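Novice: Order-wise, the sequence lines are chains A and B. Per the working numbering: the first sequence ends with 309, consecutive numbering throughout. Per the working numbering: the second sequence ends with 309, consecutive numbering throughout.
Think of the hints as simulated: they come from the structure by calculation, not from any bench. Do not take every clue at face value.
Capping the alpha-carbon separation at 25 Å, the derived lysine to any residue pairs in SDA-like fashion look like this [what the hints assert, rightly or not]:
{"id": "1", "chain 1": "A", "residue 1": "Lys228", "chain 2": "A", "residue 2": "Val179"}
{"id": "2", "chain 1": "B", "residue 1": "Lys229", "chain 2": "A", "residue 2": "Ala233"}
{"id": "3", "chain 1": "A", "residue 1": "Lys82", "chain 2": "A", "residue 2": "Asn46"}
{"id": "4", "chain 1": "A", "residue 1": "Lys259", "chain 2": "B", "residue 2": "Glu139"}
{"id": "5", "chain 1": "A", "residue 1": "Lys82", "chain 2": "A", "residue 2": "Thr170"}
{"id": "6", "chain 1": "A", "residue 1": "Lys155", "chain 2": "A", "residue 2": "Pro215"}
{"id": "7", "chain 1": "A", "residue 1": "Lys259", "chain 2": "B", "residue 2": "His268"}
{"id": "8", "chain 1": "A", "residue 1": "Lys82", "chain 2": "B", "residue 2": "Gly236"}
{"id": "9", "chain 1": "A", "residue 1": "Lys228", "chain 2": "A", "residue 2": "Ala250"}
{"id": "10", "chain 1": "A", "residue 1": "Lys259", "chain 2": "B", "residue 2": "Thr302"}
{"id": "11", "chain 1": "A", "residue 1": "Lys259", "chain 2": "A", "residue 2": "Cys211"}
{"id": "12", "chain 1": "B", "residue 1": "Lys172", "chain 2": "B", "residue 2": "Glu161"}
{"id": "13", "chain 1": "B", "residue 1": "Lys229", "chain 2": "B", "residue 2": "Met246"}
{"id": "14", "chain 1": "A", "residue 1": "Lys259", "chain 2": "B", "residue 2": "Ala306"}
{"id": "15", "chain 1": "B", "residue 1": "Lys229", "chain 2": "A", "residue 2": "Thr170"}
{"id": "16", "chain 1": "B", "residue 1": "Lys172", "chain 2": "B", "residue 2": "Phe219"}
{"id": "17", "chain 1": "A", "residue 1": "Lys259", "chain 2": "B", "residue 2": "Gly201"}
{"id": "18", "chain 1": "A", "residue 1": "Lys82", "chain 2": "B", "residue 2": "Glu139"}
{"id": "19", "chain 1": "A", "residue 1": "Lys259", "chain 2": "B", "residue 2": "Ser309"}
{"id": "20", "chain 1": "A", "residue 1": "Lys228", "chain 2": "B", "residue 2": "Ser157"}
{"id": "21", "chain 1": "A", "residue 1": "Lys82", "chain 2": "A", "residue 2": "Pro156"}
{"id": "22", "chain 1": "B", "residue 1": "Lys172", "chain 2": "B", "residue 2": "Pro214"}
{"id": "23", "chain 1": "A", "residue 1": "Lys259", "chain 2": "B", "residue 2": "Ser307"}
{"id": "24", "chain 1": "A", "residue 1": "Lys259", "chain 2": "B", "residue 2": "Lys172"}
Which stretches of chain B does chain A cover? Using the computed rule of at least three CB atoms under 8 Å from a CB of chain A, they are [stated by the list, open to error]:
{"id": "25", "stretch": "23-32"}
{"id": "26", "stretch": "191-205"}
Small disclaimer: the values here were computed from a predicted structure and weren't measured. No residue lacks a Cβ here, since even glycine has one placed at the ideal position from N, Cα and C.
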Amino acid sequence: MRVAIVGCGAVGSLFAANLSLLDDVEVWAYDLAQDHVDAINRDGLRLSGAGEVVGYPRATSDPAELPPCDFGIVLTKAMHTESAIAATAHAFADGSVCTVQNGVGNEEVLAAHVERVIRGTTFPAGRIVEPGHVQWDVKGDTTIGPFEPKPAPMAEIERLADACTRAGMPTHAVPDARGAQWRKVIFNSATNPIGALTRLTHGQACELPPLRALISGLVDEGKAVAAAQGIVLDADPEDLIDHAAMPEVAYGHKASMLQDVLAERETEIDWLNGGIVRYGEQAGVPTPLNRAIWALVKGLEQSW
Amino acid sequence: MISRVCVVGAGVIGSLFAGHLARVAEVSVLTRRQEHADSLNTDGLRISGRSDFTARLAASPDPASLPEPDLVIVACKGTDLEPVAARLEGHFPGAVVLTVQNGLGAEEIVRRYGAWPLVSGVTFMSGTRHADTHVEYILDTETWVGPYEDTPESVPIEIAELIRASGLKAEAFPDLRPAQWSKLIFNATVNAVAALTGLPHDPHFAAEEQPSDLGFLVHDLIEEGKRVAAAAGIPLREDPWEMNVLATRRGSAHYPSMLEDVEAHRPTEIELITGALVREAERHGAEAPLHTAMYRLVTAKEASYS
């Protein structure tokens with residue numbers, strides 16, 4: 006079985022390094038960061054922290070080098086999905102492509118380029134320490150399932166989940182992954198931009214009751230949009246928010262969007278709060294708070 | 004007849020008032036710091052920009068050492084108002100007191116410290132502070148005044164005449180609230196959006212093309228504010244959306260004070276501005292979810308300083 010990781014940043018590297026340890030899986034890592042690609046090909050891909058791993062995927066920044074693959078796992082930032090899949094789609098002509106990216110709407114972008122799409126969501130987190138070396142901050146589960154308009158066969162989804170699980174990345178194949186995906190989208194949309202706008206860590210934000218009430222207001226809108234689409238969340242995002250605020254979990258964590266803002270990098274807001282607004286419009290559900298947060302973070306990006 | 008004026012607070016607005024009024028009245032300045040008073044007493048106060056002169060005035064951090072005024076202009080920032088008003092307690096019993104803070108509620112704070120007749124004020128003028136003794140006059144926009152409680156209408160009329168005679172723009176209204184609320188809604192919207200996005204008041208605030216454009220949020224905040232004003236029974240003097248669009252077309256983008264405050268990690272005037280609007284909404288049974296969200300975000304941003 007051959008798997009290509011499309012977008013080998015922090016989380017992509019977790020999949021690439023772990024999967025490359027399996028004897029029956031050949032892993033390719035496609036990424037545009039040439040120094041990261043070169044380091045992986047020279048020294049291997051090293052993970053430290055929650056797990057100590059050195060994997061040896063084949064890395065490349067040239068999409069033409071990618072051979073035909075059984076699976077793609079897309080892990081670019083959401084704003085790069087279109088260009089990444091446009092460049093690599095040829096490798097998946099007979100395969101299935103899975104997104105476990107942040108936000109909503111990535112599946113639709115993939116489906117414009119490939120025939121068999123898997124939607125999903127993943128909770129492990131990390132950060133690139135230096136080229137070829139990723140700090141694995143948090144372990145977590147992944148949930149994948151068919152993208153309904155252009156679904157991959159369930160047997161293929163189970164085959165991918167089995168490989169990821171054997172590689173130490175516990176993955177569940179389910180008939181409807183939207184419940185897990187929307188739980189994470191709602192969590193991210195209610196917390197990431199709050200950190201970006203106020204500069205507070207997740208735990209600090211949750212300690213201010215008025216701000217925590219705003220977070221709940223954002224969650225409630227997201228839940229209403231999910232419910233209007235017939236999506237049953239796999240768990241309450243509020244529980245995840247409270248869990249993450251505990252000192253031993255992610256109290257001091259600066260949301261990736263806050264890190265983006267501090268570095269003046271484009272954020273994934275269009276696929277988070279912007280996605281909730283778009284799906285809300287389609288479902289006839291008003292989302293005034295998510296719309297406000299979307300506009301504020303876009304304004305923040307425009308201030309650079 | 005107003006012949007002696009005491010300006011309390013010598014920031015930009017206080018200095019612009021003090022400098023100009025010194026040309027038509029005997030002006031004293033109540034400062035916070037002794038060295039600021041010393042510099043003003045020695046060097047005078049230079050006004051540049053739209054005016055250009057140096058005013059002579061008497062300054063002190065001690066109200067007891069200043070001449071008894073007919074008019075006190077409290078021109079400190081809203082965040083400093085409580086301690087400043089406390090320092091006036093027991094002084095200047097014969098004076099009328101004018102407040103010009105942003106937002107709502109300055110008069111109620113001052114009232115707690117004395118029985119002076121009060122005049123409400125709103126000022127749109129702006130400037131830049133270059134030194135303790137030098138302020139540049141930038142926007143020559145108006146100051147509006149009106150009676151508070153049972154202060155006779157003739158008092159703000161006389162104050163407006165004095166301000167105009169000094170070279171600044173001013174207008175008196177029988178009821179200031181329609182003007183005050185226009186500025187409140189404008190300020191609550193523009194200041195909070197600027198403080199959270201880091202954008203000066205530029206054309207982004209009026210852009211309504213892409214769904215995520217900031218103009219839509221600004222428009223929604225203003226409409227919400229107008230519904231609060233309607234619930235409070237206050238007609239607006241100007242449409243805050245038109246004020247917003249006009250201001251973004253001025254060419255050079257204005258840096259709202261709340262943006263400057265968050266960038267310098269200073270307390271903002273959020274309580275007197277957005278906080279006041281949200282409290283008015285509650286008092287009159289109006290919904291203000293967007294201003295409430297802005298209030299929560301800006302107060303949280305202040306909490307991130309430490």
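Novice: Between the alpha carbons of Lys259 (chain A) and Lys172 (chain B), is the straight-line distance 25 Å or under?
Specialist: Violated: Lys259 (chain A) and Lys172 (chain B) sit about 48 Å apart, past 25 Å.
Novice: Keeping to a limit of 25 Å between CA atoms, is the pair of Lys259 (chain A) and His268 (chain B) held or broken?
Specialist: Answer holds: Lys259 (chain A) to His268 (chain B) is near 19 Å, not above 25 Å.
Novice: Going straight from one Cα to the other, do Lys172 (chain B) and Phe219 (chain B) come out at no more than 25 Å?
Specialist: Not satisfied, since the Cα-Cα distance of roughly 33 Å exceeds 25 Å.
Novice: Holds or violated: are the alpha carbons of Lys172 (chain B) and Glu161 (chain B) at most 25 Å from each other?
Specialist: With a Cα-Cα distance of about 13 Å, the restraint between Lys172 (chain B) and Glu161 (chain B) holds, given a limit of 25 Å.
Novice: For the pair supplied as a hint, Lys229 (chain B) and Met246 (chain B), confirm whether the alpha-carbon distance does not exceed 25 Å.
Specialist: holds, 13 Å
Novice: Can you confirm whether the C-alpha distance between Lys155 (chain A) and Pro215 (chain A) stays at or below 25 Å?
Specialist: violated, 43 Å
Novice: With a cut-off of 25 Å on the C-alpha distance, tell me whether Lys82 (chain A) and Asn46 (chain A) pass.
Specialist: holds, 23 Å
Novice: Taking 25 Å as the top limit, are the C-alpha atoms of Lys259 (chain A) and Ser309 (chain B) close enough?
Specialist: holds, 16 Å
Novice: Would the hint linking Lys229 (chain B) and Thr170 (chain A) be met if the CA-CA limit is 25 Å?
Specialist: It is violated: about 56 Å lies between the C-alpha atoms, which goes past 25 Å.
Novice: Please count how many residues of the stretch 191-205 of chain B have a CB within 8 Å of a CB from chain A and say whether that reaches 3.
Specialist: holds (count 5)
Novice: Checking one constraint from the list: CA of Lys259 (chain A) to CA of Ala306 (chain B), max 25 Å. Satisfied?
Specialist: holds, 15 Å
Novice: Run the distance test for Lys259 (chain A) versus Gly201 (chain B): straight-line Cα separation, threshold 25 Å.
Specialist: Cα-Cα ~19 Å, so holds.
Of the numbered hints stated above, those contradicted by the structure are hints 2, 4, 6, 8, 15, 16, 18, 20, 22, 24, 25, listed in ascending order.
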